[in-house]
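Model the full structure from these sequences, guided by the hints.
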Amino acid sequence: MTAVGKSVARKDGIGKATGGAKYADDLVFPEMLHGRTIRSTIPRGRIKSIRYDFDTRGFTIVDYRDVPAKNAVDLMSQDQPFLAENEVKHMAEPIVLLAHADKDTLNAAKVVIEYEEQEPLFDPEESTLSFRNVEIIKGDTDEALRTADVIVEGVYRTGHQEHVYIEPNGVIAVPEEGGVAIYGSVQCPFYVIKALRCLLGSAHPNVRVIQTETGGGFGGKEEYPSMISGHAVLLALKSRKPVKIIYDRTEDMVATTKRHPSIVRHRTGVTREGKLVAMDVDVILDGGAYVTLSPTVLSRGCIHAAGPYSCDNVHIRGRAMFTNTPPNGAFRGFGAPQTEFAVEVHMDRIAERLGMDPVELRRRNALKPGDRTATGQTLRDDTSAHMVLEEAVKRTDYARKRKEWKGTNKSIGLSLFYHGAGFTGAGERTLKSRARLDLTPTGVRIAVGSTEIGQGTRTMHAQIVTDALGIPYETVEVAQPDTSRVADSGPTVASRTCMVVGKILEECAHEMKEKLGGLSPADYYAKHGAISVERMYEPPDWIQWDDQKYLGDAYATYGWGCDVAELELDPDTYEVKPIKLTAVQEFGRPIHPALARGQIEGGTAQGLGYALLEKVVMKNGAMANGQLTNYVIPTTLDMPELDVVMMENPYPGGPFGAKGLGELPMDGPAPAVVSALRGLGLDVREIPATPELLATTPSI
Amino acid sequence: MRFNLNGADVEVGAHPMSRLLDVLREECNLTGTKEGCGEGECGACTVLIDGEPVCSCLVPVSQVEGAEIISIEGLGGDHPLQKLFMNEVGAQCGICTPGMIMAALTLPDEPTLDDIKTALAGNLCRCTGYSAIYRAVLKWKNGETA
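Protein chains in written order, with our numbering: chain A, 15 to 714; chain B, 33 to 178.
Treat the hints as calculated values from the structure; they're not laboratory data. Heads up, some of the hints might be wrong.
Stated by the list, open to error - Reference excerpt, derived from the structure (chain B facing chain A, CB under 7 Å, subset only):
#	residue
1	GLY106
2	GLY109
3	ALA123
4	GLN124
5	CYS125
6	LYS149
7	ALA153
8	CYS159
Unchecked claim - To be clear about the criterion: a stretch of chain A counts as covered by chain B if any three or more of its residues have a C-beta under 8 Å from a C-beta of chain B, and this derived list gives those stretches:
#	segment
9	35-42
10	171-183
11	227-241
12	540-550
13	611-618
Where a beta carbon is used, it is the ideal one built from N, C-alpha and C, also for glycine.
Okay, structure coming up:
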């Protein structure tokens, strides 16, 4: 009886459906205080004075002077303070922390901060400070543009997107003998450890992070938990009591990271027959006030900026710019949804200019095995652009609908997209992530730092170990991540938890099987006692990557997708009603088909929200609609019928042929929707395509 | 303040304007009811008050004097809809699940897909795109078990 490929019972148990599962806010510790963050109310300036306009008895108050070692969130850079010292660079920047046993007393406390205001910078195109520049050069784009039959140019824009995990950020810091423990809603427990080591230094070496049940992440709990954990720890160390900080929805929306807004310029040369001969792409991301993860978001965005197409001459330039807005950060797709939106809308415009069917243009250029990408990577057999495109066109009866619906308010459009799985380039080699299997009296226990945040980590890892070890699925346990007890399997990001961490676990299971020498885990344990197997990830040996020149194998493999959007436009209100979205996606092989389907359906919903509904309104450098009343994500009534097709093309380097999946579904819906809107004659080049935008959009 | 909670009479000492959500979570120690937004938009805190699905973050406890309240804990752990939510992956991260289940309980027999969408329109889920939730609810209403 094998487990992989079947929708076996999930390792989560029933707790999520009974209310028994414990999330951060469900935990209470003796003598626990509540923490609150006092934040800047201007986008840029110097702090002149701080006055505590309340009776401070019973309060714990922390500012930057309470930092034991270094006042910097240690991520890619160390530029972002846990607490502002003299200057603030964005709205809602943390300045002072308060803690009190009574929530009402805490929330009533008034802190008055006086500033010397300075002129803020909000426009990334006016900014002169770039956190990182990326340049990818293949062939000679300038020369090829001179010989092209037709040149098409365009500018494409995407807005912020808020994660809206239904559980806001929250952690509890608990002093314990010799150190402090963090219980929290986190994607990457070892990122928090790194940040706390920098904050606390050698005086407090014993910190551990325990992931509580986590109510969604989508990248929004990748880096920000380091900040909130640092705050809770500072309050806990000063008060010597457990301190819980749970953000309310507005604080979470206004203060924490979002998807980077983008401006992407394309200049493309094609032949009359529709062959791409030169692609010149310029990518600008709005990074916000601190570096966070912007350099890698930009990197992934640029690598995906030419789309899933073959072209001999490509020049991609990218910059992640400083602005006086709250820092943007990781969000499912990590730069690729922005740049793939741009290239797909641009491809439709090229087809319009050539008088060619958009499907035919894609057929003539889509990547095949043996083709070279913009970074010069030669693609392998697990390249499925044509397979997903043809299946989607056939399944949706695309050509007939496109013809028959012409002149009506109904329209159909599609997008072709791909997504690199795992860390970029040499990233997985540098990361050296590890996984461990422990023998138990009844089976084995998986001990990794990879977190279950809804996507099915526990279950899918257990399935892989089950089949690799050849033992019953029920005898495989999964440890809740506690950094003092599990191996550092790297962050739960980049669609790497199945493909990369699952692979290490598969290898651990093989080694464990050899050690057991034919005995069952229980028999071996009874005879010889506990053993463990821990292994480090070894990426495929053929991966070559030059991080200076941005040349080589950017990703070990890619997932491939074609989304088809069918929709109807209300000609009076400009409201768009999606009727059906068909998502044809190839991601190697599904380990757990029902969970995999859930990733595609959920990612597609987020993509539809990104396309049509989710508009972050920024006023004076802060989100003005920081509540779910007027930042609208798709409800049941906004969602069309979803038709999901999971195609297989195994990746030999993944466990049982699996590739990464989590981010792929985010890339396709927005360009598919805009493709359909273009079919109605609207020259849409920007999302979200709200009625307000469409009402003022020129005709094609 | 007295009301009936999951079949038992309870008396709470909270301030009359306390949110029912806080009273359930903090005074009654029933943390299955979740807070997602605190403004009645997300539905994560849905409970049944005299059989009607209501966002408990919007209800001052003084309003439920004498009422019958069912929270997710009132279902025990054996309700077929709970198991179907897990098996059909209608629950991913699980934070919206208790509220979603409470709202689904009010559906009539043999609901159409539109009935389900309407009944759950006040409950946000960011993980599933809702399709798996429909599958779980339809199976439950068809008398199937997990």
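Against the structure, the hints:
1. GLY106: At about 10 Å, which exceeds the 7 Å cut-off, the nearest Cβ of chain A leaves the hint on GLY106(B) violated.
2. GLY109: With a closest approach of 5 Å, the GLY109(B) hint holds.
3. ALA123: ALA123(B) check passes; min Cβ-Cβ to chain A is 5 Å, inside 7 Å.
4. GLN124: 3 Å, holds
5. CYS125: 3 Å, holds
6. LYS149: With a closest approach of 4 Å, the LYS149(B) hint holds.
7. ALA153: 5 Å, holds
8. CYS159: CYS159(B) check passes; min Cβ-Cβ to chain A is 5 Å, inside 7 Å.
9. 35-42: Our answer is that it holds, as 5 residues pass the Cβ test (under 8 Å) against chain B, meeting three.
10. 171-183: Satisfied; 6 residues make the cut.
11. 227-241: holds (count 6)
12. 540-550: violated (count 0)
13. 611-618: holds (count 6)
The structure shown violates the earlier hints numbered 1 and 12.
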